[in-house]
Structure formats: structure tokens, C-alpha cells
Amino acid sequence: MGSSIVITSGKGGVGKTTSTANIGTALALLGKSVCLVDTDIGLRNLDVIMGLENRVIYDIVDVSNGECRLEQALIRDKRFENLALLPASQTKDKTALTADAVKRIVGELKQQFDYVFIDCPAGIEHGFKVAVAGADRAIVVTTPEVAAVRDADRVIGLLEAERLHSPKLIINRIRPRMVKQGDMLDIDEVVQILAIDLIGIVPDDEVIISQANKGEPAVVRPDSRAAMAYRDIARRILGESVPLMSLEEKTGFWQRMRRLMGGRA
Amino acid sequence: MTTPLKEQWKAGPKPPVSVKGTRDGLLFLLNEECSVDEIEARLRELLHGESAGWFDGPEVHVAVDYGSRQLTPHEQRRLLSVFLEKENFVLREWGSRTQARHSLYSHREGAASPIIHWGTVRNGQHVAAEGDVVIIGDVNPGGEVTATGDIFVFGRLAGMAHAGSEGNRRAVIAAAEFMPMLLRIADTYARPPEIDGRPLYTWMEFAYLSEEGMAVDKIQFLPNLRRQG
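Going down the list, the protein sequences come from chains F and H. Following my numbering, the numbering of the first sequence begins with 43 at its first residue and continues without gaps. Following my numbering, the numbering of the second sequence begins with 23 at its first residue and continues without gaps.
Calculated from the structure, these hints are not laboratory results. Every value quoted in this text rests on a predicted model; they were computed, and no experiment measured them. Nothing false has been slipped in among the hints.
In the SDA-like style, the derived pairs of lysine to any residue whose C-alpha atoms are separated by at most 25 Å in a straight line are:
no.: 1; chain 1: H; residue 1: K42; chain 2: F; residue 2: E167
no.: 2; chain 1: F; residue 1: K222; chain 2: H; residue 2: G219
no.: 3; chain 1: F; residue 1: K152; chain 2: F; residue 2: C110
no.: 4; chain 1: H; residue 1: K240; chain 2: F; residue 2: Q234
no.: 5; chain 1: F; residue 1: K222; chain 2: H; residue 2: P221
no.: 6; chain 1: F; residue 1: K53; chain 2: H; residue 2: G146
In isolation and in its complexed conformation, chain F is listed as follows (with noise of 0.2 Å):
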């Protein structure tokens, strides 16, 4: 019996999606079986990142309306033989989904896979609430900014309210510069904040977007300190305790030159 973690965070953009198909990825890299719930109703999202767009065919909503089976909606990612993605559906109504079909997909799933990851929607209200309603864990994604970490926050209460208790926090797209010059919240601050246990900081990186772009997760590129980021993640969640990396950039001659001269390192 696997179990189900939800990847939430009140605000949009912050990274949930991202961060659900690097951890989900890089899971399945450690070896454990992992699928992916995207439940998105409108705005699937997360089947692009994934580079699976082209093979859905059957999606969630239409096993929780019984129309095909579970084993037909799941897609089974060629590249990574234990990963597996359940897409949301792209036309229907954001209510063609409760929260009760959603625990029944979920409790299936747990049955044939190690791990299943919720991928949530933005917002507090029905999508939020289907989502959260089969999951046994939660982790809630902020960014060091003011507006994220108040949703943040009221993610955390509603998160209690719904017995998902101490979830786990992940901030994303730091910039080590810009939390250096005091212009950016650090981590001690929000965590202060949150009151919640840390599982992962993930330095602001492009190589998230490019892949994502790709329709590849960034965790296969080695060079990536995001992907590195996502990969520390997955150990902890596996239990190992895993230092958090240092956001210190090693600056040469020729990058202090180049900010001298204006231009971004």
C-alpha cells in the first residue's frame, strides 16, 4: 500500500506542477513506482510538462464518471519505467469532479504504486478541496515573496481543517542574490513564518523552464542545481536525511567582471 501526497499552494505559479514532475521523476529514478495526478480540471498543465500531451486519451474525470477503466486513462512513461500519469481533462467542468471519486481513484492507485502525487489546482475552493480530500500527506509550495507566503499560510489552516496535519514546506525559486542584498525574504523568515517543517529549498534555475519546454523534467539534467534541488527532495521524502544545499554562488573573475559592467551573471 503506497501512499498519497498532495502538492499544494493557495497562489498560482509558484511551482506546484514543476515541483510535482521533478519529485515524481525523480522518485521513479530511486526506483520506487510513482504516479501522477493531475487534477486541474481546465488547465492541465502538467501532461505538457511531462512531453505525454500526445497520448491522452481518457483522462480523470472519465474514470471517476466510469466511462473507461483506471488502467486505460493511466499513461505509462517510456522513459521511466515505474512512472505513470493520470491526466485532468481539458474540456469538462471544473465540478465534473468530487471529492469522493477522487478518494476512490486515489485509494486504487495507492494499491499498485509506492507513491501518488495530487497535483493541485490554484485557489482555495471545489478544486482545492477535491484535490486535498484523498490525500495522506501534503506539501505546500511557496516562493520567498510577501503574497505567496500569505497563501501559504492560509493553505496551512485550511490544510488542518481538512485533518492534513503538519504538511511539509518547500520554498521555490530563490535567488541567492536578491536574498543576499535583503531584497528577497530568506528562508529562516518564512519558515518562521509557516511554522512548518522544511523538505526542500530549489534555487530559482532556468533550466526549469527550458526543459520544461523540452517536455522533460529537469531532475535527468545533472548539471542543474533545480534538478539537484528536486532530487534532495525525493530522498527525504524516502527518509534519508539529505543537508540543505548551500545557495552560496560561486562568482569567478569574469562573472564579478561582467556585473560590473551591468550585465547578468
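The hints should help you fit chain H onto chain F, whose structure is shown.
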């Protein structure tokens, strides 16, 4: 050192009628300081005027609390009839200290023991209580604590606190880490002052109402203040 809070303002007068949703239905609180005529007029406007549609629909349980006011039988009949004319209203309670009003707030058990809330009061959460409240945790921005008595926060107060919510002007708001967004004691609001462009951020302080308005002082002075009063 006492820091007077510069920017302060008063809440508007209480409305003659306030409507609260409770677990069982609707609770109408009739302001005891308004005249019966004023209340009746407002009720008619609410229930039979433009907003009447809001109260239509399926059967709803209704409780009416008229505070500590004494009503003559004639006045009782006048007010009651406004509610009875509403077909979907099922009047469950009518009185001066109704159960519904009571259950609107969490309760302290003994007269002297405060309500203790364990855990952070997060954005969007509201802790309301009759009597004094102790929060073991932070009150985050967007979180709200309301008490008819004092409020003590064993953590960081960064949200909104309202002490003496039923008019007790001697109530205080104290916190280990004191950086509130907005303070309210009885009917006086205050926004903490900014010092060198940064919001107030102190340790172990409390806010109270002095003769000049709301002020903040070190917690050590709180017992003195209580003895004087």
C-alpha cells in the same frame, strides 16, 4: 517607556440590528442602546424591504437576542410580529441571554480561567472567545483574535487583535513578539507607529487604552496599570 499610538480612530456606532449565521440558523442581535422604533424600522427594512430576498428560501431556524433591555409586552408583540410575518422563519429562541448568542463565542469554564488556544492563528482564521484568551503560537498576518477580555500571545502577534470586544475599555493586548497589523480595544482602533520607516517591532509589550488613547508599554508595567485601575 510608553509609546503612544499616533494613528487612531473610533469604530462607527453599532448598528441597531446585526445578523449572524450560527450552526443552527440565524441569530438576530438587537442593539440594546437603540429605541424600539429604530429597531423595528430596521427589521422591516431588512426582512421586508429590498434585502428581503436574502432571507427568503427554505425554512430557517431563527434566534432573537435583545440584550439586557427590558421590553414591555406591547413592544415584544411589535417586534415579534415582524419575524412572524416571514413565512420561512421558525422562531426557536427569543430572549435577553439566548443560547445562540452564548454559543457564538467559545466559552471559558471557570470565571477566572482564560481560553487557551494551542497553535498558530493563520491567515484567514479567526479565534473568538468570551473572556481572556491566551494564544500559544503566532498570530500571522491575516489572522484575527477577538476576546471580550484580554489577549495574550505567547508568540508573534503579526495579525489583528481585538480585546474588550463587548466594550471593556480596560482590556489589554500583550505579546511576546509585538508587531501587530492592527489593534482594537473596545471601540478604538490603532495602527502601530512606524519607526524610521519600519513598522513597530518590539518584545514583551502590551497595548492598552489610556486617557490620551491607545498606548504601548513594557509588560512589566501591566500589573501596575491593573492596580491603579
